[in-house]
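**Student:** Those protein sequence lines, which keep their order, are chains W and L. Those letters in the first sequence? Residues 1 to 336, per the working numbering, in order. Those letters in the second sequence? Residues 1 to 185, per the working numbering, in order.
Hints may be right or wrong, so weigh each one.
[Claimed, not checked] Partial selection, computed: residues in chain W whose CB lies under 7 Å from chain L: (1) Arg-42; (2) Pro-45; (3) Phe-304; (4) Gln-308; (5) Asn-311.
[Said to hold, decoys possible] Taking lysine to aspartate or glutamate pairs in the EDC-like style, the calculated list, with each CA pair at most 20 Å apart, reads: (6) L:Lys-53 with W:Glu-32; (7) L:Lys-160 with L:Glu-58; (8) W:Lys-145 with W:Glu-32; (9) L:Lys-48 with L:Glu-112; (10) L:Lys-48 with W:Glu-32; (11) L:Lys-5 with L:Asp-25; (12) W:Lys-315 with L:Glu-112; (13) L:Lys-48 with L:Asp-25; (14) L:Lys-160 with L:Asp-99.
[Said to hold, decoys possible] Computed footprint of chain L on chain W, listed as stretches where at least three residues anywhere in the stretch have a Cβ under 8 Å from a Cβ of chain L: (15) 124-130; (16) 294-301.
Quick caveat, the hints were computed from the structure, so don't treat them as lab data. Beta carbons are placed, not taken as given, at the ideal position from N, Cα and C, and that holds for glycine.
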Amino acid sequence: MDYLQFALISLIKVVTIVGVVLTGCAYMTYAERRIVALFQQRVGPNLAGPFGLLQPMADAIKMIFKEDIRPAAAEGWFYNLAPVITFIPALLTFTVIPFGDTVTVFGIETKLILSDMNIGVLFFFAVTSLSVYGILLAGWSSGSKYSLMGGLRASAQMISYEVAYGLSLVGVLLLAQTLSLQELVHQQQGFWGMYVWKQPIGFMVFFICAVAETNRSPFDLAEAESELVAGFHTEYSSMRFGTFFIGEYAAMIGVGAIATTIFFGGWQSPFEFLDFIPPVLWFAIKVSGFMFFYIWMRATLPRFRYDQLMNFGWKMLFPIALLNTMLTAGIRLWLK
Amino acid sequence: MNKLKTISRTDDYVVLSRESRPVPDPGVWGMLRTTVVAIPIGFITVFKHLFRKSVTIEYPFKKRPMFPRYRGLHYLERYEDGTERCVCCGLCAAACPADAIYMEPMENENGERLAKVYEINMIRCIFCGFCEEACPEEAIFLGQEYEFATDSRDGFIYNKEKLLVTHPRPENTLKKMWRKVRRFF
Chain W
1 MDYLQFALIS LIKVVTIVGV VLTGCAYMTY AERRIVALFQ QRVGPNLAGP FGLLQPMADA
61 IKMIFKEDIR PAAAEGWFYN LAPVITFIPA LLTFTVIPFG DTVTVFGIET KLILSDMNIG
121 VLFFFAVTSL SVYGILLAGW SSGSKYSLMG GLRASAQMIS YEVAYGLSLV GVLLLAQTLS
181 LQELVHQQQG FWGMYVWKQP IGFMVFFICA VAETNRSPFD LAEAESELVA GFHTEYSSMR
241 FGTFFIGEYA AMIGVGAIAT TIFFGGWQSP FEFLDFIPPV LWFAIKVSGF MFFYIWMRAT
301 LPRFRYDQLM NFGWKMLFPI ALLNTMLTAG IRLWLK
Chain L
1 MNKLKTISRT DDYVVLSRES RPVPDPGVWG MLRTTVVAIP IGFITVFKHL FRKSVTIEYP
61 FKKRPMFPRY RGLHYLERYE DGTERCVCCG LCAAACPADA IYMEPMENEN GERLAKVYEI
121 NMIRCIFCGF CEEACPEEAI FLGQEYEFAT DSRDGFIYNK EKLLVTHPRP ENTLKKMWRK
181 VRRFF
């Protein structure tokens with residue numbers, strides 16, 4: 001009976017999370033188009049439904065009904081597999097993200113987290129670095145030079161930024177003495193308890209690397225329109241392209257969620273007088289803040305050159321992250 | 001400008017190139033200025049644009065007024081009593097560089113000459129306005145209208161019924177009222 005209950009609750013959680021994340025992705029595309037339009041003093045999509053709110057639906061329908069073109073030079077299986085490989089890890093990151101504390105619904109006590117594993121941070125890193133395989137495979141199996149270039153760039157970029165990405169969190173982990181994300185949230189009480197104040201350098205490095213990991217502007221070399229047509233997904237059309245697109249946005253939301261959880265107190269309310277807002281909503285507010293910053297950044301910063309990107313990753317971020325780690329470790333030892 | 005430098009030389013040609021300028025070392029302050037200082041400034045500048053008004057004119061719903069001398073779709077003018085001004089003299093057709101105007105004359109019951117057929121092919125027409133200039137009767141004008149796309153070639157051939165202005169001219173009632181008010185005071 002207990003197993004059945006567990007399975008049922010997990011199923012409900014999975015369906016809810018996937019539903020919310022996918023809807024979030026769809027509306028993220030809408031929000032991005034509208035907000036970038038505002039930044040550029042345009043209007044953006046405003047005709048489908050009230051304020052253009054049905055635009056994501058229209059796009060989805062268009063994507064599904066478009067012809068699925070496969071280039072003759074494409075490498076069958078891998079070509080079909082690649083979008084899925086980028087998409088699944090992006091969704092998998094949401095398994096370890098806590099959306100709230102333990103709640104009791106209909107007398108059943110449950111945690112608002114799909115899987116409260118004690119190595120949540122590690123799991124997140126393991127899963128996000130998987131998505132590079134999808135991009136690499138997509139680039140290679142398309143049989144097109146632009147795709148190949150895009151895929152190579154993406155993989156080189158993601159692998160180089162992975163190092164600083166991981167190191168940037170070590171500072172927080174040293175302070176927290178835990179790898180469980182729920183535990184990390186519990187440690188961040190109140191506004192000044194957030195780890196972003198204790199680890200500002202770590203947060204900066206983490207966020208920059210996260211942007212590079214998700215292949216977003218200004219690190220969107222992998223799909224640089226001006227040079228590579230559309231990079232690794234040049235040859236993809238229809239819903240296969242759509243899958244890449246959703247994967248990218250899901251990864252963005254995932255990174256926003258992780259950054260919120262680790263550095264901004266997750267679902268905790270930062271001020272006591274705002275405690276009436278439910279934790280899930282607090283979480284959503286914080287993540288949407290990150291999403292807005294993503295869009296803002298896209299509207300502001302120009303794309304890096306390839307060698308600049310590599311220099312920045314290895315010669316700036318990596319040493320800074322290393323220094324931050326050593327400094328934190330030293331302070332930790334000294335205070336002990 | 002830097003000096004021209006010979007890169008390679010054969011019997012047939014010489015390749016010259018300017019020496020590339022040495023990139024000045026920005027130094028620590030320069031690096032900080034272009035990153036830590038410049039990037040937040042950029043972010044703030046972009047954020048300010050969030051609150052500015054959009055410059056887009058949402059075209060099919062809102063239209064920009066055309067300039068008074070804009071040369072759009074032609075129209076044929078009438079006299080005050082509704083008779084056509086055009087006497088089918090053919091000067092517009094003669095002036096037309098694109099050969100877009102075709103006309104056949106006839107006489108009405110008073111023995112006055114007017115056009116039986118008057119057609120302008122809008123695909124040929126280049127909207128130069130020479131017909132307007134050539135017309136001795138001040139009958140043809142190029143108006144403000146520019147949305148006359150159709151999905152058949154026949155639709156672009158405008159005959160007399162389409163070109164002539166409607167006789168009791170559709171009055172702008174608001175303008176008329178305003179005129180009355182002005183006359184009253």
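**Student:** Would you list, in rising numerical order, the hints stated earlier that this structure does not obey?
**Tutor:** 2, 3, 4, 5, 7, 8, 9, 11, 12, 13 and 15
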